[in-house]
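Respectively, the protein sequence lines represent chains H and C.
For what it's worth, our numbering labels the leading residue of the first sequence as 6, then goes sequentially.
For what it's worth, our numbering labels the leading residue of the second sequence as 931, then goes sequentially.
I should point out that these hints are in silico values taken from the structure, not numbers from a laboratory.
Do not take every clue at face value.
[To be verified] Straight-line alpha carbon distances no greater than 20 Å define the calculated SDA-like cross-link-like pairs of lysine to any residue that follow:
no., chain 1, residue 1, chain 2, residue 2
1, C, Lys1000, H, Arg142
2, H, Lys279, C, Lys1000
3, H, Lys234, H, Ala83
4, H, Lys234, H, Leu144
5, H, Lys232, H, Gly114
6, H, Lys232, C, Arg1145
7, H, Lys279, H, Leu144
8, H, Lys279, C, Gly1052
9, C, Lys1000, H, Ile16
10, H, Lys279, C, Asn1047
11, H, Lys279, C, Val1136
12, C, Lys1000, H, Met140
13, H, Lys232, C, Ala1144
14, H, Lys279, C, Tyr1030
15, H, Lys279, C, Thr1135
16, H, Lys279, C, Arg990
17, H, Lys279, C, Leu1044
18, H, Lys232, C, Phe1209
19, H, Lys279, C, Gln1134
20, C, Lys1000, H, Phe138
21, H, Lys232, C, Gln1134
22, H, Lys232, C, Ala1049
23, H, Lys279, C, Phe1209
24, H, Lys279, C, Gly1058
25, C, Lys1000, H, Trp143
26, H, Lys234, C, Val1136
27, H, Lys279, C, Leu995
28, H, Lys234, C, Leu1055
29, H, Lys279, C, Val1059
This structure is a prediction, so every number in the text was calculated from the model and none was measured.
The residues making up each chain are set out below.
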Amino acid sequence: MRARKANPWSIGGWAFLALLTLFSLMPMAWMFITSLKTQFAAAQYPPDWWPRNPTLEEYRELLSPSSAMGQDFLRYMANSVWVSVTTTILGVVVAVPAAYAFSRFRFPGRNLLFYAVLLRNMFPAVVFLMPLFIMMRWLGLVNNHGSLILTYLTFGLPLSIWLLKGFFDNIPPQLEQAARIDGATRFQAFLYVVMPLSSPGIIATAIYSFIVAWNEYVYALTFMNDKTKLTLPVGLQRFFAEHTTNWPGLMAASFIMSVPVVVLFLFLQRHFVKALTEGAVKH
Amino acid sequence: MTGAVAGLVAPAAAPRSRENLLRRIVRHRADYLYVAPALGVMALVIGYPIYYTIHLSFFRTPPNLALDEKIFAGLENYQRILEADTFQEATWNTFVWTIYSTFFSFVLGFGAALALNRAFHGRGLLRGVLLVPYVISAVAASYVWRWLYHSDVGVIGAFATALGLSDGPINFLDNRQWVMASLIVVNVWKEFPFAMIMLMAGLQTVPEQLLSAARVDGAGPWSRFRHVTVPHLKSVILVTVLLLLVTNLNSFTIPYIMTGGGPAGASEIWITHIYQIAFGRIRFGLASAYSVILFVVMMALGYFYVRALTASEEKAAA
Chain H
6 MRARKANPWS
16 IGGWAFLALL
26 TLFSLMPMAW
36 MFITSLKTQF
46 AAAQYPPDWW
56 PRNPTLEEYR
66 ELLSPSSAMG
76 QDFLRYMANS
86 VWVSVTTTIL
96 GVVVAVPAAY
106 AFSRFRFPGR
116 NLLFYAVLLR
126 NMFPAVVFLM
136 PLFIMMRWLG
146 LVNNHGSLIL
156 TYLTFGLPLS
166 IWLLKGFFDN
176 IPPQLEQAAR
186 IDGATRFQAF
196 LYVVMPLSSP
206 GIIATAIYSF
216 IVAWNEYVYA
226 LTFMNDKTKL
236 TLPVGLQRFF
246 AEHTTNWPGL
256 MAASFIMSVP
266 VVVLFLFLQR
276 HFVKALTEGA
286 VKH
Chain C
931 MTGAVAGLVA
941 PAAAPRSREN
951 LLRRIVRHRA
961 DYLYVAPALG
971 VMALVIGYPI
981 YYTIHLSFFR
991 TPPNLALDEK
1001 IFAGLENYQR
1011 ILEADTFQEA
1021 TWNTFVWTIY
1031 STFFSFVLGF
1041 GAALALNRAF
1051 HGRGLLRGVL
1061 LVPYVISAVA
1071 ASYVWRWLYH
1081 SDVGVIGAFA
1091 TALGLSDGPI
1101 NFLDNRQWVM
1111 ASLIVVNVWK
1121 EFPFAMIMLM
1131 AGLQTVPEQL
1141 LSAARVDGAG
1151 PWSRFRHVTV
1161 PHLKSVILVT
1171 VLLLLVTNLN
1181 SFTIPYIMTG
1191 GGPAGASEIW
1201 ITHIYQIAFG
1211 RIRFGLASAY
1221 SVILFVVMMA
1231 LGYFYVRALT
1241 ASEEKAAA
């Protein structure tokens, strides 16, 4: 057998991946390292690559209900959890039947409506801000988390409907028919046959809705003025603008805010990528 | 993460029916119940705002938001925007921001997709790690990058100094020359993973036989890439690029938090400018006209988007 020549593409590929990984992770790593420093140590130049006396002080203060900082921070976190979880649940409840209908039923206007839903992604959030702000004011939903939940629902819906439709398309209708012959109603067939088979898609859309709601900034910035109603992304800003910027504190808060989505995502990314991959390109 | 992925999948064409439309609608009335909640929410939160933005764009609105007192002004708002000096600078910035962000996100994403399109141990983990910037909040990302770019104690400046590239701290965000490039780096960091997943999905559909046939015919890696992979991915590439363009044209959080359009408008793009006019100066009429101009550009992109979707549908059907 001939000796294999080293493949320059693969060496280049590895070097590229290594650099890209460094580029992707460096900011997160620096966020964490800074969060372990004291404010004094963070102001040193040149910066220490690793804190000499690492401290969890900022985390302790952010997470303790007895400190003033902790009180605000925990409230923003609770608001974020409430808004994101509600959006996620409602998103699934609304998206699943719609996707099912787009997959199974042949009603007039189906294509038109399906594309109209997808076009949601074409529109900039900021442009909708003015009319929605006026509408929410009129509905009395300014400073009410309902305005955020309602808006965030529409962010997740197009992707959710599209992904789930892909999953439902892949489930043979004969399975439901078999269940119905066995005496199940249409809804039971859906609940016990179709739903379990498409659970990776449902999980993926739920993660997506949660992350979108958890991270959203500009609507939360505009709709919530009451300090007690802020979600984390906006809370973070207000909270560090009031004092001089406490960088280790800000980094600790950013880190805490990032942990849930990153953990959730890393655990479930297989589902997420699988759903995208199956939904994105089918031939 | 607002600029979500949208489908390449298109519904199969329904069999043409001779039955009259109204009858068909009535016969299928129960089907609409399934889509009604989704469409209802979308109509309320999207349909109404589109109408109202266009409506407001023709009015002069009082800065106290007493909208009953708005005065019809015809095309005055449009004229004022197009004639303002700030519009030209913001347009140029929007162009630079959108094109460079899209280009580099696409290239990095494609490179990553190709590199990850091989079986190796830990591939799933690496893919997850590369997706991290995509999932963390743009707010947290903006703050950490501001800290990395910090003009006194920023680690990027310190690193450049240590390498001898600079004599001392660099003012990345407060410098007209550097600010746009600095913001684009952050945006690319946040967005290339999106291009990566889309293209990875596409790469999985390239038939292995085609590649090995090309290999047998003596095609090298570059030629296989050019003549097999790229043509096969044409519609995925098109949709990815269009979605990146749209997302970048719409991005708000990173520029707003990192520079707020500064220094002196050097990083002001359309979106941040619209926000500033609407909620900084409380000129809803003016900002609405600006939004409508943006709409027109978006609709042009949307037209190409739907065409790309339809093309991939026809290809799938063939």
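May I ask which of the numbered hints given earlier this structure violates, with the numbers listed in increasing order? 2, 5, 6, 7, 9, 13, 14, 16, 21, 22, 23, 26, 27 and 28
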